[in-house]
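Residue numbers (the numbering used here), protein chains in the order written: chain Y, 1158 to 1400; chain X, 16 to 303.
Any given hint might turn out to be false.
[Claimed, not checked] Computed beta-carbon distance windows for the label pairs:
no. : chain 1 : residue 1 : chain 2 : residue 2 : range
1   : Y       : 1231      : X       : 108       : 49 to 57 Å
2   : Y       : 1391      : X       : 172       : 39 to 47 Å
3   : Y       : 1274      : X       : 66        : 41 to 49 Å
4   : X       : 293       : Y       : 1299      : 47 to 55 Å
5   : X       : 141       : Y       : 1288      : 33 to 41 Å
6   : Y       : 1175      : X       : 111       : 21 to 29 Å
7   : Y       : 1282      : X       : 153       : 37 to 45 Å
8   : X       : 119       : Y       : 1282      : 54 to 62 Å
9   : X       : 275       : Y       : 1288      : 42 to 50 Å
10  : Y       : 1217      : X       : 172       : 57 to 65 Å
11  : X       : 111       : Y       : 1362      : 28 to 36 Å
[Unchecked claim] Sample of chain X residues lacking proximity to chain Y, with all beta carbon distances greater than 10 Å (derived):
no. : residue
12  : 17
13  : 66
14  : 96
15  : 187
16  : 195
17  : 196
18  : 269
19  : 272
To be clear, the hints were calculated from the coordinates, so they are not data collected in a lab.
All C-beta atoms in this analysis are idealised placements derived from N, C-alpha and C, irrespective of residue type, glycine included.
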Amino acid sequence: MADTPVIELQGLRAGYGEVQVLWGIDLAVRSGEITALIGSNGAGKTTLMRALSGLIPIQSGSYRSDGADLSDATPAEILSHGIVHVPEGRRLFGAMSIEDNLLMGAYLRTAGRAEISRDMDRVYATFPKLLERRNQAAATLSGGEQQMCAIGRGLMSAPKLLMIDELSLGLSPLLVEQLVAALRALNAEGMSILLVEQDVTTALDLCHAAYVMDMGRIVRSGSGAELLADPIIRDAYLGVLEE
Amino acid sequence: MLAAQVLINALVLGCLYACIAIGFSLVWGVLNVINLIHGSFIVLGAYLAWGLYQSLHISPWYALGIAAPAFFVLGYVIQRLILNRVITAPVLVTLTLTFGLDLILNNAMIYYFKADYRKLTLTPPMGSVSLFDVVVPIDRLIATASALALTGILYLILRRLRVGRAIIAVRLDRDAAMLMGVNVNSIYAIAFGLGAALAGCAGVLMALIFPISPLTSTAYLGKAFVVCVLGGLGSVSGALAGGILLALIEGIGSTLIGPAHATTLSFALLIVFLIVRPQGLLGRKGFE
């Protein structure tokens, strides 16, 4: 079980129009694991996320999930394969209430009202702050609450893989701790997670496996512990000088 | 007495103006298309009501039930087959396209119906009632109530239905809506269809009050535009506020300086608003 990948990429290339950003990405997210993707600004992490959720086309290479080929799939098809993208900057529907945002997360689901409202209760149980403010416009939430709402909206699609772009950006350490705890709890229930994160220590500490991206390529991979101990990673991303 | 007359006329007409503008506002807000066919859709709706009444004696109240689905399909098809090809192009391109489509539709109506003014007259007439000492024709009152009901229905569609939420989501953040699995092209077509349906229904109601001619389409389009600017784009309440304000200004203007200058006054107000408060009375909203 732990060795079956939820998604598997081979030689994936993508970009914007004439500009090639990703130069052949090989990556696998194993089922039931938290996989981290780290790298500096402009390394191509967000572009990879956008390609994986179908927002930009994949030029070449393979993108598979549980045997299905997703390289030409639309965002809706990818979502219905259980792969959901919580985008950078949350991208909530600001003028809509929290509850309506969560309902938008369940947009594609054909499940009955009861099942969807049960999942909504689970989101509220994970993030009780959201329940207090369910009828408030999403734009009025604090940064941390918005991230909770964005993750909750992602969960409402009943995914097997939650892809989160920049979990901690702009949030206080205390809030990041709360969110990390929530992700651990979700993972303990079996949710696979692909996490893009600027805060390398948090990411490597949380993940089972990690990939390091630079200039549109994967330059290193390994378990979180291995990479944390890797002198080159420590030097380049953690700002720790080796004695 | 005169003040009451002006006020009641403004409320009656204002709701109809809101109904004219709301579909235009929806399309503008969601698709970012300034839909210049809107005025001709309204006139076509008026002809539909007139034709159904003349030939089959179907009352305009029932004609609403025919116009809504017919215009929805018309709008949906126009968006899917024509407008969708240039939907990502800059505003000027879509503006030019809807301008061309409007020329075609408007000239077709001039060809078939001639430019003569026609009037839908209910026989027997419905009479009038006295409200606060002001005489109001009953058909006009029912038209106003229907206009309010149509705006209310749009509000409920947007707030309560799954497809309505998706329309608002696309308006607020197209990419994020796609990540929720929303098929943006289909939502565009539905929003355009709803806009056309509202225009067609507004036309049916207008047929009860104003003479019908293809030449009136620019006047309707102008009103829709002014109401959107006055009230603020993207909300049902904004359209209502804008509609009533416009009707009030026109009413006061024609009382004080004569009906010939009412339109001048409303467009002068448009320019003032564009300079002083471009977001409109109630501001730009998601769609509430």
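> Of the hints given before, which are not true for this structure?
Replying inline: The structure conflicts with hints 1, 2, 4, 5, 7, 9, 10, 11, 15, 16, 17, although it agrees with all the remaining ones.
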